Amino acid sequence: MSDNTLQFTWIGILKWGVEAYYLNDPNVFIAGDHLIYPVEGDAKTRQAPDVYVAFSRPKKDRGSYKVWEEGGIFPQVVFEVWSPNNRFEQMQEKFAFYEKFGAEEYYIIYPEFPAHVEGWKRDGVKLVSIPEINGWISPRLGLRFSLMQGNLSVFGPDGRELRTPAEIAAERDAEHRRAEQEEARAKTAEQRAAQLEARLRALGVDPDTL
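Heads up: the sequence shown begins at 1 in my numbering, then just goes up one per residue.
Mixed in with the good hints, there may be bad ones.
[Unchecked claim] In silico lysine-lysine, DSSO-like type, Cα no more than 30 Å apart, as pairs:
#1 Lys44 x Lys126
#2 Lys94 x Lys187
#3 Lys100 x Lys66
#4 Lys44 x Lys100
#5 Lys44 x Lys60
#6 Lys100 x Lys187
#7 Lys60 x Lys100
#8 Lys66 x Lys121
#9 Lys59 x Lys44
#10 Lys59 x Lys94
#11 Lys126 x Lys100
#12 Lys66 x Lys94
#13 Lys187 x Lys126
#14 Lys126 x Lys66
#15 Lys187 x Lys121
#16 Lys121 x Lys94
#17 Lys126 x Lys94
#18 Lys60 x Lys94
[Claimed, not checked] Restraint-style ranges between C-beta atoms, simulated for each label pair:
#19 Lys187 x Gly150: 40 to 50 Å
#20 Pro207 x Glu183: 20 to 30 Å
#21 Ser129 x Asp25: 57 to 67 Å
#22 Glu183 x Val128: 51 to 61 Å
#23 Trp68 x Asn151: 48 to 58 Å
#24 Gly71 x Glu161: 27 to 37 Å
Worth flagging that the hints you see were computed from the coordinates, not collected in a lab. As the structure is a prediction and not an experimental result, all values here were calculated from the model. Don't be surprised by glycine CBs; every beta carbon is placed ideally from N, CA and C.
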């Protein structure tokens with residue numbers, strides 16, 4: 001579970017933001033705060049990433065992600081969002097787990113100002129540090145990380161920034177209001193044109209000849 005509201009906000013941005021890009025793909029499963037069990041019969045070896053993405057796995061509800069029931073596919077992309085309550089030893093254990101069992105990309109988001117990101121990409125059996133994360137594009141997801149003046153932004157493959165559901169809803173409502181205003185202006189212009197045409201005809205002028 002998240003330890004504070006900022007951590008939860010970023011978990012939501014990543015989970016629902018990435019999910020939106022794969023909404024119509026039935027074979028990409030995305031989850032948040034969801035246990036992964038990599039070894040059958042071993043209930044102690046497990047982790048619950050803040051967000052993970054598993055390609056070639058069907059969208060469906062799961063109590064947990066059991067790798068041996070998922071065609072042996074470990075989630076390819078994993079995100080953790082740092083909170084002040086995280087311990088260094090705990091994060092080391094998480095890293096070792098994701099490296100050992102097959103994550104292709106692993107990112108730790110540090111949302112507190114000044115925000116930063118650490119990232120690793122698989123090279124053989126190892127996760128190797130990404131030397132420059134600013135401007136980095138995730139090979140699997142196409143996400144681009146941008147760090148400017150201590151703030152973090154994440155952009156999708158289409159160049160649009162990942163935002164909270166509330167921000168997306170506010171933009172949708174603003175677009176709806178703009179459409180209504182444009183429709184009202186168009187109706188007003190049409191009414192004025194009709195009134196002018198009626199006046200011209202009352203004066204014996206055929207507006208079609210003007």
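Comparing the hints with the structure gives:
1. Restraint check: the Cα-Cα separation between Lys44 and Lys126 comes to about 23 Å, which is no more than 30 Å; the hinted pair holds.
2. A threshold of 30 Å between alpha carbons decides the hint, and for Lys94 with Lys187 the separation of about 60 Å lies outside it, so the pair is violated.
3. For the proposed pair Lys100 and Lys66, the alpha carbon gap of about 16 Å is at most 30 Å, so the pair holds.
4. For the given pair, Lys44 sits about 15 Å from Lys100 by alpha-carbon distance, which is consistent with the 30 Å threshold.
5. At roughly 24 Å between alpha-carbon atoms, Lys44 and Lys60 fall within 30 Å of each other, so this suggested pair holds.
6. Straight-line distance between C-alpha atoms of Lys100 and Lys187 comes to about 64 Å, which puts the hinted pair past the 30 Å bound.
7. A C-alpha spacing of about 26 Å is found between Lys60 and Lys100, which places the hinted pair at or below 30 Å, so the restraint holds.
8. With a C-alpha separation of about 23 Å, the suggested pairing of Lys66 with Lys121 holds against the 30 Å cut-off.
9. Distance hint between Lys59 and Lys44 is fulfilled; the C-alpha atoms sit about 26 Å from each other, no more than 30 Å.
10. For the hint pairing Lys59 with Lys94, the CA-to-CA distance comes to about 25 Å; that is within 30 Å, so the pair holds.
11. At most 30 Å may separate the alpha-carbon atoms for a hinted pair to count; Lys126 and Lys100 meet this at roughly 8 Å.
12. Proposed proximity of Lys66 and Lys94 is supported: the alpha carbons are some 17 Å apart, at most 30 Å.
13. Only pairs whose Cα atoms come within 30 Å are accepted, and Lys187 paired with Lys126 is rejected, the gap being roughly 64 Å.
14. The suggested pairing of Lys126 with Lys66 holds, with an alpha-carbon distance near 22 Å, which does not exceed 30 Å.
15. Between Lys187 and Lys121, the direct Cα distance comes to roughly 56 Å. Violation of the 30 Å bound is thereby established for this hinted pair.
16. For the hint linking Lys121 to Lys94, the alpha-carbon distance of about 15 Å falls within 30 Å, and the restraint holds.
17. Straight-line distance between C-alpha atoms of Lys126 and Lys94 comes to about 14 Å, which keeps the hinted pair within the 30 Å bound.
18. At most 30 Å may separate the alpha-carbon atoms for a hinted pair to count; Lys60 and Lys94 meet this at roughly 25 Å.
19. Judged by the Cβ atoms, the range 40 to 50 Å given for Lys187 and Gly150 holds: they are separated by roughly 47 Å.
20. A hinted range of 20 to 30 Å holds for the C-beta pair Pro207 and Glu183, which are about 24 Å apart.
21. Between Ser129 and Asp25 the beta carbons are some 30 Å apart, a value that contradicts the proposed interval 57 to 67 Å.
22. For Glu183 paired with Val128, a C-beta distance near 55 Å keeps the hint of 51 to 61 Å intact.
23. The hinted range of 48 to 58 Å is not satisfied by Trp68 and Asn151, whose Cβ atoms lie roughly 41 Å apart.
24. Taken as a hint, the range 27 to 37 Å holds for the pair Gly71 and Glu161, whose Cβ atoms sit roughly 34 Å apart.
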